[in-house]
Amino acid sequence: MRRWTWRYAPAGVFLLGVVALWQAAVEVFDIQPYLLPGPGRVWTAFLEVRGVLPGHIRTTMTEAVLGLAWACVAGAMTAALLAGFAPLRRAVYPLLVISQNIPMIVMAPLIVVWFGFGIMPKVLVVALIGFFPIVVSTTDGLLRAEGDLVELARSYGAGRLQVLRTILIPSAVPAFFAGLQISATYAVLGAVIAEWVGASSGLGLFITRSQTAFRADRVFVAVVVIAAVSILLFAMVHLAARLAMPWQYAQHTQAGALTETPTRSNASSRKDVR
Amino acid sequence: MTATDARPARAPEAPPGPPGDATPEAILVRGVSLTYGGETPVHALADVDLTVQQGQFASLVGPSGCGKSTLLRVLAGLAPPEAGPGVEVRVDGQDARERPGLAAFKPQRDLLLPWRRTLGNAALGAELSGIPRAQAREQARTLLGRFGLEGFERAWPAQLSGGMRQRLALLRTFLAPRRVLLLDEPFGALDALTRRDMQEWLQEVWTEDQRTALLVTHDVEEALMLSDVVFVMSHRPGRILARIEVDLPRPRGLETTASAEFGALKAEVLRTLAAGRSPGSTQP
Ligand SMILES: Nc1ncnc2c1ncn2[C@@H]1O[C@H](COP(=O)(O)OP(=O)(O)O)[C@@H](O)[C@H]1O
Ligand SMILES: [Mg+2]
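Heads up: the protein sequence lines correspond to chains H and W, in order. Per the numbering used here, numbering of the first sequence is gapless, rising by one per residue and ending at 274. Per the numbering used here, numbering of the second sequence is gapless, rising by one per residue and ending at 1284.
Please note that the accuracy of each hint is not assured.
[As the list claims (entries may be wrong)] Cβ-to-Cβ under 10 Å is the rule here; a few derived chain W residues that face chain H:
#1 A1076
#2 G1077
#3 R1097
#4 R1099
#5 G1101
#6 A1104
#7 L1113
#8 P1114
#9 W1115
#10 R1116
#11 L1124
#12 A1155
#13 P1157
#14 Q1159
#15 R1172
#16 A1176
[To be verified] Beyond 10 Å from chain W on every Cβ pair, some chain H residues (computed):
#17 Y8
#18 G17
#19 A20
#20 L21
#21 Q23
#22 D30
#23 A76
#24 M77
#25 V92
#26 G116
#27 R144
#28 R209
Just so you know, the hints here were simulated from the structure itself, not pulled from any lab data. Glycine included, C-beta positions come from ideal geometry on N, C-alpha and C.
The task is simple: from the sequences and hints, build the whole structure.
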């Protein structure tokens, strides 16, 4: 706990400094609040909109999480197909890479036009943005599974599906989470952009409304909230990764260095779950 | 099977023997050659003949790079030998060419799955052979003590020492319900003292088990300590230079290595190895 605090202390101090400088600049140069509100004013705006924010946050977060979930499912399944069938991979993979140059911010209005103003088009935008990093990373992970491990499984008579289940999928889990972490970074932003086009609730809508009312202070509130929500989502993904890959986080105590003849007492477990 | 089984290391539910006229050879290799393709083809095996009888412990010694691992991979059904008349690769009476799964194979590296704990890794071979997961793990649990892994059932491979990793890889191999074991340098990476302990231990485990074993090693004393028969391989491309019977009484220990017979056998193996090193002598 103490180490954790120390690690982030410098960043915290720096952030406080920036905020103080910002407040000072606004006051010294007498900048108009509709151009750049000071932190104090943003705080006041936050207190004003405190009541409506949770609803917007819930909407945006729902879109982001659902979109990510779909990206995970579709991404993992596509990766399995691409890794399993080389001809398909050669046909689809280049297109997949090119598709990354389609600017989502331009596509979002179209998607909303196609699918209406409900939550669905937003989820779709998040899923589309999140899909690519997961597919690429997971495919890579599946293809990079150690050949010797695959051979080991085959030497016990394992078939294709057994090799996939016991060797390939577990080897690709770290790569999958690496991709998911990138996707999660863009998920909230994707939802907000989709909401700009048209929504009845959400942080994107809140920003549009604040802008048309020239309430820069409220836009800043939204910016801070979006950052916070993004960090929350990122932390959730990180936690999921930890739970899914306990071996990566286990303490690397060289047990055998201490005990070639193991002691019975400490580690004997009641039941092996995995 | 219970924890108090008198012969704990026996593979539970070994498959029934070959049908009808049982061939006594558990391992039969005839005329096997293999060349690795690629930019510079590597001629790894040249006309290898070798047989191991049921229940025997055999060793394969040879200089490194001579094709020992390649031969085991052929027997494990992972590397197809060159086709030809009279070429035979049989494990437990069945053609093993491109048919993995007939023998329990321990590759040169321990190849533990980093995402499985000790029990899960131990049970892998049994699981892949169709034994239900829970049952496979229960069998693994009963043998943990015998393999010096008691108390570490929930450890990840990265938390185990080199010796423990090797024992775990051996446990995984022994737990696969096969009657033939192929062991590729199981103690290669260990220090001399641990190695000696592990050899004595393997001797005990194998004696309780009585399965056919083919052990690859470049350590002549290790081969003589453990084996009923030692095959000496030439420099690459690997051929069998000699088949040497080891008739020393078991269990063998430190006194065995000090005996005159042991010394004579060791000299014989070393002489054969040396003869195989000069290029001219690789021709029959
Ligand atoms: N997959 C492979 N492709 C090409 N050459 C290989 C391959 N595996 C092994 N070799 C070569 O074949 C020879 C025999 O290798 P190996 O059977 O591993 O020898 P040993 O186990 O006796 O040390 C070596 O020269 C090695 O470099
Ligand atoms: Mg080798």
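Cross-check of the supplied hints:
1. For A1076 (chain W), the suggested interface contact is upheld, since its CB lies about 5 Å from the closest CB of chain H, less than 10 Å.
2. Nearest Cβ of chain H to the Cβ of G1077 (chain W): about 7 Å, under the 10 Å cut. The hint holds.
3. Among the interface hints, the one on R1097 (chain W) is violated; its C-beta lies about 14 Å from the nearest C-beta in chain H, farther than the 10 Å criterion.
4. Interface hint status for R1099 (chain W): upheld, as the beta-carbon distance to the closest one in chain H is roughly 9 Å, under 10 Å.
5. About 3 Å separates the beta-carbon of G1101 (chain W) from the nearest beta-carbon of chain H, less than 10 Å, and the hint is met.
6. Taken as an interface hint, A1104 (chain W) checks out: its beta carbon lies about 8 Å from the nearest beta carbon of chain H, inside 10 Å.
7. The interface hint given for L1113 (chain W) holds, since its Cβ lies 7 Å from the closest Cβ of chain H, which is under the 10 Å cut-off.
8. Proximity of P1114 (chain W) to chain H holds as hinted, the smallest CB-CB distance being about 5 Å (cut-off 10 Å).
9. Restraint check, W1115 (chain W) versus chain H: the minimum CB separation of about 5 Å is within 10 Å; hint holds.
10. Annotation: R1116 (chain W) was flagged as interfacial toward chain H, and the flag holds, the nearest CB pair being 7 Å apart, inside 10 Å.
11. Proximity of L1124 (chain W) to chain H holds as hinted, the smallest CB-CB distance being about 7 Å (cut-off 10 Å).
12. Hint on A1155 (chain W) holds. Least Cβ distance to chain H is approximately 6 Å, under the 10 Å limit.
13. Below 10 Å, beta-carbon pairs count as interface contacts, and P1157 (chain W) has one with chain H at about 8 Å; its hint therefore holds.
14. The interface hint given for Q1159 (chain W) holds, since its Cβ lies 5 Å from the closest Cβ of chain H, which is under the 10 Å cut-off.
15. Because the beta carbon of R1172 (chain W) sits about 9 Å from the nearest beta carbon in chain H, less than 10 Å, this interface hint is met.
16. Annotation: interface hint on A1176 (chain W) holds; nearest CB of chain H at approximately 6 Å, less than 10 Å.
17. With a least beta-carbon separation of about 28 Å from chain W, Y8 (chain H) lies farther than 10 Å from that chain, consistent with its non-interface assignment.
18. At the 10 Å boundary, the C-beta of G17 (chain H) stays outside the reach of chain W, the nearest C-beta of that chain being 42 Å off.
19. The claim that A20 (chain H) lies off the interface holds: its Cβ sits roughly 46 Å from the closest Cβ of chain W, which is beyond the 10 Å cut-off.
20. For L21 (chain H), the requirement that its beta carbon stay farther than 10 Å from each beta carbon of chain W is met, with the minimum near 46 Å.
21. Every beta carbon of chain W lies more than 10 Å from that of Q23 (chain H), the smallest distance being close to 50 Å; the non-interface claim holds.
22. No beta-carbon of chain W comes within 10 Å of the beta-carbon of D30 (chain H); the shortest separation is about 61 Å.
23. With a minimum CB-CB distance of about 17 Å to chain W, A76 (chain H) clears the 10 Å threshold, and the non-interface call stands.
24. No beta-carbon of chain W comes within 10 Å of the beta-carbon of M77 (chain H); the shortest separation is about 21 Å.
25. Every beta carbon of chain W lies more than 10 Å from that of V92 (chain H), the smallest distance being close to 28 Å; the non-interface claim holds.
26. The claim that G116 (chain H) is not at the interface with chain W holds, since no C-beta of that chain comes within 10 Å of its own (minimum 43 Å).
27. With 10 Å as the threshold on Cβ separation, the claim that R144 (chain H) sits away from chain W holds: the shortest Cβ distance comes to roughly 14 Å.
28. Chain W leaves R209 (chain H) outside its interface by the beta-carbon criterion, the shortest separation being 48 Å against a cut-off of 10 Å.
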